[in-house]
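A.B. asks: Top to bottom, those sequences are chains A and B. Going by my numbering, 2 is the number at position 2 of the first sequence; the sequence numbering is gapless. Going by my numbering, 918 is the number at position 447 of the second sequence; the sequence numbering is gapless.
Hints may contain errors.
[Unchecked claim] In the DSS-like style, the derived pairs of lysine-lysine whose C-alpha atoms are separated by at most 27 angstroms in a straight line are: (1) A:145 with A:289; (2) B:836 with A:247; (3) A:365 with A:247; (4) B:760 with B:842; (5) A:442 with B:718; (6) B:836 with B:760.
Since the hints were made in silico from the structure, they are not lab data.
Protein chains: 2
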Amino acid sequence: MSNPLTDPTSDPTSGSGSGSGSGSGKSSGVRAGSASGSPAGSPRTSPGVSPGGGDHLDISRRRLLGTVGAAGAAGLVIGAAGGAGIAAAVSEDGSAAGAAGPGALTSVGATQVAFHGRHQPGITTPLQSRGHLVAFDLAPGAGRKEAAALLRRWSATARTLMAGKAPAGDTGIALDAGPSSLTVTFGFGRTFFDRTGLASRRPSQLDPLPAFSSDAVDPKRSEGDLWVQIGADDALVAFHALRALQKDAGDAARVRWQMNGFNRSAGATARPTTARNLMGQVDGTNNPKPTDPDFDRRIFVPAGAAGAQEWMAGGSYAVVRRIRMLLDDWDQLSQEGQERVIGRRKADGAPLSGGSETTPLDLNKTGPDGKLLVPDNAHARISAPEQNGGAAMLRRPFSFHDGIGADGTPDAGLLFVCWQADPLRGFVPVQRKLDRGDALSKFVRHESSGLFAVPGGAPEGEYVGQRLLEA
Amino acid sequence: MSNPLTDPTSDPTSGSGSGSGSGSGKSSGVRAGSASGSPAGSPRTSPGVSPGGGDHLDISRRRLLGTVGAAGAAGLVIGAAGGAGIAAAVSEDGSAAGAAGPGALTSVGATQVAFHGRHQPGITTPLQSRGHLVAFDLAPGAGRKEAAALLRRWSATARTLMAGKAPAGDTGIALDAGPSSLTVTFGFGRTFFDRTGLASRRPSQLDPLPAFSSDAVDPKRSEGDLWVQIGADDALVAFHALRALQKDAGDAARVRWQMNGFNRSAGATARPTTARNLMGQVDGTNNPKPTDPDFDRRIFVPAGAAGAQEWMAGGSYAVVRRIRMLLDDWDQLSQEGQERVIGRRKADGAPLSGGSETTPLDLNKTGPDGKLLVPDNAHARISAPEQNGGAAMLRRPFSFHDGIGADGTPDAGLLFVCWQADPLRGFVPVQRKLDRGDALSKFVRHESSGLFAVPGGAPEGEYVGQRLLEA
Chain A
1 MSNPLTDPTS DPTSGSGSGS GSGSGKSSGV RAGSASGSPA GSPRTSPGVS
51 PGGGDHLDIS RRRLLGTVGA AGAAGLVIGA AGGAGIAAAV SEDGSAAGAA
101 GPGALTSVGA TQVAFHGRHQ PGITTPLQSR GHLVAFDLAP GAGRKEAAAL
151 LRRWSATART LMAGKAPAGD TGIALDAGPS SLTVTFGFGR TFFDRTGLAS
201 RRPSQLDPLP AFSSDAVDPK RSEGDLWVQI GADDALVAFH ALRALQKDAG
251 DAARVRWQMN GFNRSAGATA RPTTARNLMG QVDGTNNPKP TDPDFDRRIF
301 VPAGAAGAQE WMAGGSYAVV RRIRMLLDDW DQLSQEGQER VIGRRKADGA
351 PLSGGSETTP LDLNKTGPDG KLLVPDNAHA RISAPEQNGG AAMLRRPFSF
401 HDGIGADGTP DAGLLFVCWQ ADPLRGFVPV QRKLDRGDAL SKFVRHESSG
451 LFAVPGGAPE GEYVGQRLLE A
Chain B
472 MSNPLTDPTS DPTSGSGSGS GSGSGKSSGV RAGSASGSPA GSPRTSPGVS
522 PGGGDHLDIS RRRLLGTVGA AGAAGLVIGA AGGAGIAAAV SEDGSAAGAA
572 GPGALTSVGA TQVAFHGRHQ PGITTPLQSR GHLVAFDLAP GAGRKEAAAL
622 LRRWSATART LMAGKAPAGD TGIALDAGPS SLTVTFGFGR TFFDRTGLAS
672 RRPSQLDPLP AFSSDAVDPK RSEGDLWVQI GADDALVAFH ALRALQKDAG
722 DAARVRWQMN GFNRSAGATA RPTTARNLMG QVDGTNNPKP TDPDFDRRIF
772 VPAGAAGAQE WMAGGSYAVV RRIRMLLDDW DQLSQEGQER VIGRRKADGA
822 PLSGGSETTP LDLNKTGPDG KLLVPDNAHA RISAPEQNGG AAMLRRPFSF
872 HDGIGADGTP DAGLLFVCWQ ADPLRGFVPV QRKLDRGDAL SKFVRHESSG
922 LFAVPGGAPE GEYVGQRLLE A
């Protein structure tokens, strides 16, 4: 078998003919690379307000990945050099306004993210409206061989599903739907390497995170041998993927924990803006942008870097935390009080030192009373890169809400996921600082924690993690 | 105070000026009546495959409420007589393809459902992609006066939020977003009437449902004095409404139970089709259509009906059940086995007796082997109206998924919500029949149950339930 992805149990080509692919131009046309385009933290970005530059094709990609309706996306792409494939896929709607037939998918359903590439999807892909995080532990007795077979199966399934096709023996939950920007991202936890006899290849970046004084971490909902992140702009497409991947695990691995999240729906906001969290705050303004000159260096493990494991080239490290928000306490603050905790205005995310959302914080500016406009303990000050030796991470979270407890308080907050080339130069220094003096910390509680090595994307014909598992 | 809705604590006009309304033509233009348009069971309907008729404006409404992108919606509406207001709201995108500015909402965000009307919203409104169900019990000591004040506050908040505006003291969670088809629907449980001294006005339709042998109902997640159904096409808009309504409850009522649900995202499917559930089955094909001549009589309580409480005129009764699906068991059946349990084909929902999704079941047709094509115990046969003296209800469910349990099985299924003028001529006879011999029953478990009287919609200047509480 020359192509390790063509596993007989999950050969994409053997999927049901009545699979979810419909709209003939879709699967070849709408293919958006995950390694360029929109920054994850401000996913709903149109060209007009986009942070950073990008060439024309980049803009059209970003446009397609954003939340504009079919008219905007198709119109822009039709006018863009090199966008013919994309235009063909959506022009059923866009080119004949008033006569769109029932065969047309809107960009919400039609958008397809590439599985293969230098990086895995789901890192710089714009935030999807629905997400599942799930950790698996290898079953007793399962080792490197079973893990390799599992990653092969998982990769084949992810590739099939992300193309909007149905795997063999499909549950049918996503029948009718387009790929809906589905992404599946795979990572390895610290414990994976001992269980597979690969301890010598475990990166030092997976050393346990330091304990933070404000942590209230539940080990049962933390860590895990394997981690899978699923995102899609349709809840049934996301759930379908979760079921398929769990089924693939078979006897090799069992679910350790699983969490559900969400973000704003495509098209729900007028101005594409940075995401808002359940505290009502604009969240993610200071995210590094893929167009920043040092973006790749900060977020992705370079090939041949000193001390790095070569199998992690093009990969990234994900820190995953379930951060409960104490919303009833938070809502008792006045809006002004909340803004002083954050250091930014609630309405538009602008720093309290003035300007608009994208204006840099002026950390030294004082008001008429001589006090700092961005308070000493404001979250935005303490987490600012310039206060942390330039430490930066790409935050790409989902919100969560798991109901209302017996005491009437919501079990809700942020499924924090952040990405960096090295947690010791990303999450750790920033969280250490926040842990000491962040005004926000009394309104949040870190209830779980995980750290995962997310290898680079699989080239065509390989599966994710193959360079670790078959080297 | 001549208008009971203008309560000083929740006056819609006192909301923050930086509220979520943006796009100037939106709030007046995009207003879709809930009493006409798409049937709830096949929400993603375009004119081409729409069940039933409707005049031109109906079609444009339905279109707007469907999943076509801005191009389709705007294009159609621009060409439709009487659609000027709607066109104005979305034409920023549609009229200038390629130059859509950052001020344009797509139809997902811009669609607004009317709060006032003959019926409450959220009954015939197309299924939204996100839903919250929540039951409240009145606090000890709270009676009719407190309940009336609460319904007044709730109605004012619902009206404000459904218009895409922010209530006073807003949390800001939905800032930036359009109304996103938000609906809020209020109902009264059986226990409400004793606690408010209104037992004489309790409709007999609220008599307890009979016990069904297959029920495994948890009382703590069942019934309740008050019930609120929230739906929206954006998860933050829906959560925002849940928070605001819970805050309104103040000291008068506390949450008894709360559940989260979802449906397909607008735009995720190519052909607008009937919803699919987490078993992968097309679900809701046989729903009554608003265009059926007897739709109103079956679903809504008529004015002046014998034995009906006059305050329920224009109202409906909701049966609410958390139906857990035993998906691992289900998935062990072959596709053919699943189809025989349901009596319909999985791919397209067509009856096993032949035809397409909308073809009536032929209950007597046999195959070459002489056996019934739709088996004796098939779900579709047993629940067919012709097998139940014409009993019919409007099913308008959400799917739910609350994670994966310690045993690896998903806590997932259907938040079943059905609507009828009288449960004894809708849910009860059908469920009684299913309870006896439905092949599906071994794959589902009814884990909670509620029955609520949902009064008619509030006319302008009134609040929901006023004719009960202030008569």
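A.B. asks: Please list, smallest to largest, the hint numbers that this structure does not respect.
C.D. replies: Checked against the structure, the hints that fail are numbers 1, 2, 3 and 4, while the rest are satisfied.
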